[in-house]
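Engineer: Top to bottom, those sequences are chains Y and B.
Position 44 of the first sequence, counted from 1, bears residue number 44 in our numbering, the numbering being contiguous throughout.
Position 21 of the second sequence, counted from 1, bears residue number 1021 in our numbering, the numbering being contiguous throughout.
No lab work stands behind these hints, which were simulated from the structure alone.
From the three backbone atoms N, C-alpha and C, an ideal C-beta is built for every residue, glycine too.
Treat each hint with caution, since some may be false.
Unchecked claim - Pairs of lysine-lysine residues, derived as DSS-like cross-links and limited to a Cα-Cα distance of at most 27 angstroms, are as follows: (1) B:1143 to Y:211; (2) Y:86 to Y:105; (3) B:1241 to Y:223.
As the list claims (entries may be wrong) - Derived contacts from chain B toward chain Y, CB cut-off under 7 angstroms, selection only: (4) 1022; (5) 1194; (6) 1268; (7) 1270; (8) 1274.
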Amino acid sequence: MSYVIQVEHLTYIYGEGMPDATTALDDVSFGIERGEFLGVIGPTGCGKSTLVTHFNGLNRPTSGKVLIDGTDIWADPKKIRQYRFKVGMVFQYPEYQLFEETVRKDIGFGPRNMGLPESEIAARVVEAAHFCGLDDAVLDRSPFELSGGQKRRAAIAGILAMKPEVLVLDEPAAGLDPEGREMILSQVKRFHRETGTTVVLVSHSMEDIAKYADRVLVLQAGKIAMLDTTAKIFARAGELVSLGLSVPEVTKIFLRLAELGIDIPTDVYTVGYARDTILRALGRKGGEADA
Amino acid sequence: MEEKQQMIRAQNVVFRYAQDSAPALSGVTMDVRRGEFIAVLGANGCGKSTLAKHFNAILLPESGDVFVEQYNTREEEHLYDIRQRVGMVFQNPDNQIVATVVEEDVAFALENLGVPPAEMRVRVDEAMEMAGIYKHREKAPHKLSGGQKQRVAIAGVIAMRPDCLVMDESTAMLDPIGREKVMRTVKKLNDEYGITVVMITHYMEEAVQADRVIVMSSGRIELEGTPKEVFADSARIRALKLDVPQAKELCDLLRVAGVDLPPDLIDTEECAQALAGLLAAAGRRAR
């Protein structure tokens, strides 16, 4: 097993030594496999944003280690900057980070800081912009003239242009309408499929995690509550609800069926699988054979 | 409609943000009755927030009229009467809070109106109870979660004792649990205190709880009716770039596969009940 990122006994305390010190991460250990699509979920305040900001060295562990490609990233603190390029981070509401005169310059900011030759930067900017659905006409406009959706895509393009080994996205679909959510998340999945880049998606939306992730890390009060394949996590839907997480509407229907005394599996998190499960339970044709 | 019953009425409202831009609202006519809970849905850019801002005269129509009770929003001399009756809660929790202590923020509007201190105390406490944040009254707002902040914003509006609450995508920036808590608060305000609610949203699980749903697209009203009526045509809803509630989607798929289900099941409870009936009949009761 080749872990691209490994976290060993990671503890992080905000305001250490102060009266209102808070332990945001408490002895967390796990590994992210190269090329996987990992979902990170947990109730507000569980530590998920604190955790992912350790991956590119924005936060330094109070104790414990963060390893990328087997190397402790803090072994030589002066070299921490390289990890900002290896692990690309898209923060929530990324459009707030746009600042340059033109979209072209903004997307090029990361590559330029990597010291790449101009021709390489130019090519990467165009590639990233096109991938994110921004056409050439947009490149020479001011980022502040763009629509909300375009701004968000420009911000994401700026991270993709760095061609990071790991792409971390914190609620990339936050505040978007259904069509916007679908566009952004399917683009992220396409990026994962086409480039094989490891992707970490932090989200509150169980529906999104269910649809796109291979494995899911569930955090609660700074500790790992669950880490498993998506299917196995959703088999414990009742536990997720008691952790303060909201499960997909369709899962709620099955949990309610179980409450009403019906003998039916509850690890159902997509509408298609729900249909098949019901049909099978009714003994009807059309339900897919058990996997 | 009887005048007493009318809370808000929009009549042929046309509005554009800039002189040479396309209209954001192209002739919208609708009304809100006292005590109703209505949801206004639509994809981004459809005009729903623009419409909401006409309801307490933040925006005035280019042509057409908006009435709050008997007052036309164009009447400057009645601006305070209008804003007393219709309060708004916006999307970004951080942009609506001005004080450094929760109860001071809730009292803000009342202070500005010169309400006597004894009365202010009563109204602020009452508003905080109604919004479920009384226990946070002495905290610093910036230390609260997004959902808690939104409930502080709601309390601040409730302290004004408005007849109507307009929520402009107030849950869009919240996590699912925060959204549920805000919805519960708003539903309670409508059910128990009779406050009229206009909820601008794109979350289906919120819209299905309304008495009436209005769906907008490109500055016009496309659909209007009860949640069951509006969500009946799944294809039309998808064409308007909205999601269909998952319960409805599931029941549609099952009906296509020959399962005998009523066509108007749109929420999780009624869907679960109907399915439980069929599954029990098929012998699927747990021992």
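Engineer: Confirm or reject each hint.
Structural biologist: Hints, one by one, checked against the model:
1. B:1143 to Y:211: Since the Cα atoms of residue 1143 (chain B) and residue 211 (chain Y) sit roughly 33 angstroms apart, the hinted pair is violated (cutoff 27 angstroms).
2. Y:86 to Y:105: holds (20 angstroms)
3. B:1241 to Y:223: With Cα atoms ~39 angstroms apart, residue 1241 (chain B) and residue 223 (chain Y) exceed 27 angstroms; violated.
4. 1022: violated (14 angstroms)
5. 1194: violated (29 angstroms)
6. 1268: holds (5 angstroms)
7. 1270: Violated: closest Cβ of chain Y sits about 10 angstroms from residue 1270 (chain B), beyond 7 angstroms.
8. 1274: Violated. Min distance 10 angstroms.
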